[in-house]
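Colleague: Chain by chain, the residues:
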Amino acid sequence: MIAGWENLSPGERQDVFLTKWASGEGIEFAGEDAKASYQYRAGLIADAIKLKKTPDRVPIVPLAIFAPVMLYGYSGKQAMYDPHILGKVCLDYTRDYDVDATVIAPMVMHGPPLEVLSYQLYRWPGHGVKEELSYQFVEKDYMKAEDYDHFIADPTDYWFRVWLPRTHGSLEALAQLPPLYGTMELPMAGPWMCSLGAPPIQEAYKALLEAGKLSFEWIQALIPYMGQIVSSGYPIYAGSATKAPFDVLGDSFRGTIELMMDLYRRPEKVLEAVNRLVPLMVNMGVGGAIANNNPLVFIPLHKGADGFMSNEQFEKFYWPTLKEVILGLARNGCVPCCFVEGSYNHRLEYLAEVPEGQCVFIFDRTDMVRAREVLGGKSCIGGGFPISLIITGTVQQVEDETKKLLDVAAGDGGYILSIGCAMDEAKEHTLKAFIETGKTYGRY
Amino acid sequence: MGMLNELSEAVVEMQEQVAMEKTRQLLEQGADPQDVLEAFRKALEEVGNRYEKQTYFIPELILSGRMMSSALEMLKPHLRDESVQSGTKLGKILIATVAGDIHDIGKNMVTMLMDIHGFEVRDLGVDVSSEKIISEAKEFGADVIGLSGLLTLAFDPMKEVVVGLTAAGLKDKVKVIIGGGQMDEQIRSYVGADAFVTDAVAGINICKTWVS
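Protein sequences, first through last, are from chains A and B. Counting in the numbering used here, the first sequence runs from 228 upward without gaps. Counting in the numbering used here, the second sequence runs from 9 upward without gaps.
In isolation and in its complexed conformation, chain B is listed as follows (with noise of 0.2 Å):
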């Protein structure tokens, strides 16, 4: 307990040699690989913490995010269910940067925290139709769609998708978030998306208080 407990406060530093040498020491005393990973999950969710508190800030969503990719690798070949949290999900999550705009640095980062704190995500990548958006979520079974854009001309590709989905009666079913440098409230109600974000974290805790 006290090596899974150190294993949490190295990544919470940002020790990441430290860190990867404990989880290989772990892994050949016969840890519990479940174990291992729970200790990333419960390290993650700390810098998450101190991401909304703004004392960690992008660098650290990227290297704990590296190192938990890292761990996964080494754990990979012990593993049953790879997911980074084993049973029920807290719901599931369609991610996409929509029509035209190719930008995912943002995007990939939510689909990873979203992982760790319990999703089950769908990441459809870059330059997504609405078709497309539309009939995966509907396939997927979404409670939530994310909608990804940088530019400008993102917009309306993302009113499009609110607009399939109000047609196909899916609209009262799905929640529909925008996040990108140029999103605002302005922009929400244009597409008639439910919440806009310019941030990652800020995006977990509303999606997770609507599948709560």
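Here chain A stands alone, though its shape is the one from the complex (with noise of 0.2 Å):
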């Protein structure tokens, strides 16, 4: 515990927690080059957060999940059910790209803990969706209208004897539990105590064993490959990951349609629902940064987009909850690292309520002359350059173009180079060229 902390406030807690990660302290690098590499690197990332002016020169952070094993020819499948060829591409990818911060390898998690458990939220390469794909959500309304009483009251009884049930197939005997509150009294703990052994239950407690069994071994095996990432030089983007409540209610509980008519249906519940889940969102962010040392939460935003939904339900549903957590996490000394999917051109002006210097907001589809005019010297920004162009693009138009986004983006700093989406797929040309031109054009 740092001496002082609940005295700081949440601008000094980040820059703590962030100056702890640029060091490297606690990596036992390769080499003086390696660890001066990192602490360069991780630098020019602190250095855009903070939005120090006119820094050496922009970070480049293209945001990547299957986009490394597709480079190097292999298929979704054999980097999902093959640890060694996950972590060997993310690897290489790092080196060979030269990238600033690199990919968060875990994200393209393991097939085989998804088989026994009879996962239901995705479909994956080999079990859905063809070999050589990346996997793919399944939207539904796993959670029903009449739900909203028991999350809202008990988020985490709901999600593991409703919701899990209904998205895990191997899972299914777990809404037969009863909750866990007997537990504190010897003579009231029976129903609890003899459910879990009732067969079905015991059944879905032995698919989870197994399926944390692969998970750490997969893991276990995983893990040296990052360690070599970071031991020569690399920082990873990010620490660790959380969700905007109402993204949460409308990706994996309500689903897109349902929560929408919502809006108009039960509005007051959406409200309760989206603030029950702000602590329980800070927290899985803060506690995942700590457990890394890497004060980056990166927090993908989806439902509210330009045209998902009028400005006004956007400040009464959307807004509020995301800047709770924001807020939060800064308290606690993270960096909130949002990917604003889609487009935020009438939403600018909201980002912009967030304190000076203590986010990052990573474009897609909006415009950045206007997101520089908005958010230049409140918070960084980033992003905005077309995948479109990395993949069936020029290297010629790559260049050009990146040097265009750079004028208008970069300004005296506080800016992130990273491609519009999370890249699934990319072209090494392309690529290499939008990374060596964010190098050489990108100073200050």
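Hints listed in this document are in silico derivations from the structure and should not be mistaken for laboratory results. Some hints could be false.
[Claimed, not checked] In silico lysine-lysine, BS3-like type, Cα no more than 27 Å apart, as pairs:
#1 Lys50/B <-> Lys140/B
#2 Lys61/B <-> Lys543/A
#3 Lys304/A <-> Lys84/B
#4 Lys84/B <-> Lys97/B
#5 Lys357/A <-> Lys84/B
[What the hints assert, rightly or not] Covered, in the sense of this in silico footprint (three residues per stretch, anywhere, with C-beta under 8 Å from a C-beta of chain B), are these stretches of chain A:
#6 483-496
#7 607-615
It should be emphasised that the depicted structure is a prediction, and the values quoted were computed from it without experimental measurement. Even for Gly, the Cβ is constructed at its ideal location relative to N, Cα and C.
Dock chain to chain to rebuild the complex, using the hints, since each chain is given by itself in its own frame.
Modeller: Spelled out as structure tokens, the structure:
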């Protein structure tokens, strides 16, 4: 525990955590060069976050999930079923493309435990989706309208005894478990303990144990590769992840269709539910950041984009709880790194409400001229480069467009050069041109 | 006539319970179900207009579409022709999410809106091969093919459809429109499509100009 932590402001707490992360403290580097390179790269990112004027150059952080896999000629299935393939491609990608912060390899995830759990929330390569592709979300109303009160009263209980059974076929029997609360008194503990012995629930727990064992073995195989990535001088973007409360509901619980109608049918329940999620989402982000000694918390933003709702609806249902999560993360010294999917041309003024120098917004299709105008000097911005050019453009097009983007968006600091999507695929020549142009033209 | 206008207004103003109640009352009073359907169609057209003017957004498109499908359920036993707009169709549109991609929320909204706006729609679902899209388009006599894809991995399957149409000598007979979150002019050109959209309502207007 840092002395005087309770007296520090959120910005000061972030400075402490960022400085510690950028120093590489606790990392066993491959050598002095690797340590210096890590400190330089992480320093560029920390400078951008803190809006330092005229730093050395823009940090270059292309967001990617399956792209390293595809770039090295492997299929999505191979990466999801062999951690050595996954680890190797992430290590090779990081070094060959020489990015300033690299991918979170575990986000590709592991197929076998998902099969054991009969996971329903996504289809993945070799399991509902062609082997050469990436995983894809299966959106449904896993949470029914009548479930709101249970969710609001006790999210974890709902999550474990209702939502998990609906989204993981092997865990269906957990719906038969009573809640935990009887365990507080010996004479009341019977129902819960006896239910644990019921054969269907025993089978569900066996599936969990098996999935856990497979996952543990997988991460043990992957960790050395991630260790090599960091020890050879490359920070990871990011330390953990969390979500905007409205997106939690809209992506994984009610689904877009039902939630959008809920705004009219039961608006007060939506508000209660998103507010209930705020501390849970803050804790999720903070916990992962501390465990990984990395203050950056990745937050993909989905259902609040332009066109998805009006500004009035955004102001009432989406923004307040996202803002609370952002501020909550900052209060704990973490740096919210929002990935703003879609466009936010009509929302930029809301993002400008976040206190100065405490947040990152990487953009997808937002007008970057406007993003710089509204957020320059307030929050670190990034992204805005179209993936379409990486995949179908020429090297010359990529070089020209990267320079144009830097001219309008890089300003005098507070900018991260990135692609407007978390890449599932890329082309070597254009991606390298993007990175190289960033390093040469992106100097202040 | 008054009650039909009130029904349209309730739908436009997102008053779901009022709209469903008025639908029930109209049926009980022996109103022509086609008139009731027409009231919904007019309302959804107005919702679409407000979406274009950016006063209405996805929640309103979805809720009005749901009101329409709930009404159709009520009206079905009384209808000769189940399609939302009886009589001559504007044109035929074949819609599919391309091979490898299983996302369908946007596509389903487009299907509903195209039907409401007077197109004859055939929706092939998700993860549809280019061969199936082309053979169905031929058999259906499609004027327009709408290809949906959320992933960047959808670009090449979309291109395959256009290449296949050209090889089959169909490209000058059918227009291709591509839709999805990552669509832009670069991809439209790469795929060889006639247009791209990133929202449902814009696509309807483009298709209307093509078939007129």
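Colleague: Each hint should be assessed against the structure and marked as holding or not.
Modeller: To see whether the hints hold, each was checked on the structure:
Distance check on the hinted pair: Lys50/B and Lys140/B sit about 34 Å apart at the alpha-carbon level, beyond 27 Å; violated. Annotation: proposed proximity of Lys61/B to Lys543/A holds, straight-line Cα distance about 21 Å (limit 27 Å). A C-alpha spacing of about 46 Å is found between Lys304/A and Lys84/B, which places the hinted pair above 27 Å, so the restraint is violated. For the suggested pair Lys84/B and Lys97/B, the alpha carbons sit about 20 Å apart, so the restraint of at most 27 Å is met.
The suggested pairing of Lys357/A with Lys84/B is violated, with an alpha-carbon distance near 39 Å, which exceeds 27 Å. Proximity of the stretch 483-496 of chain A to chain B, defined as three or more residues with a beta carbon under 8 Å from a beta carbon of that chain, is established by the 7 residues found. By the rule of at least three residues with a Cβ nearer than 8 Å to a Cβ of chain B, the coverage given for the stretch 607-615 of chain A holds, with 3 such residues.
Figure legend: structure checked against the earlier numbered hints; hints not met, in rising order: 1, 3, 5.
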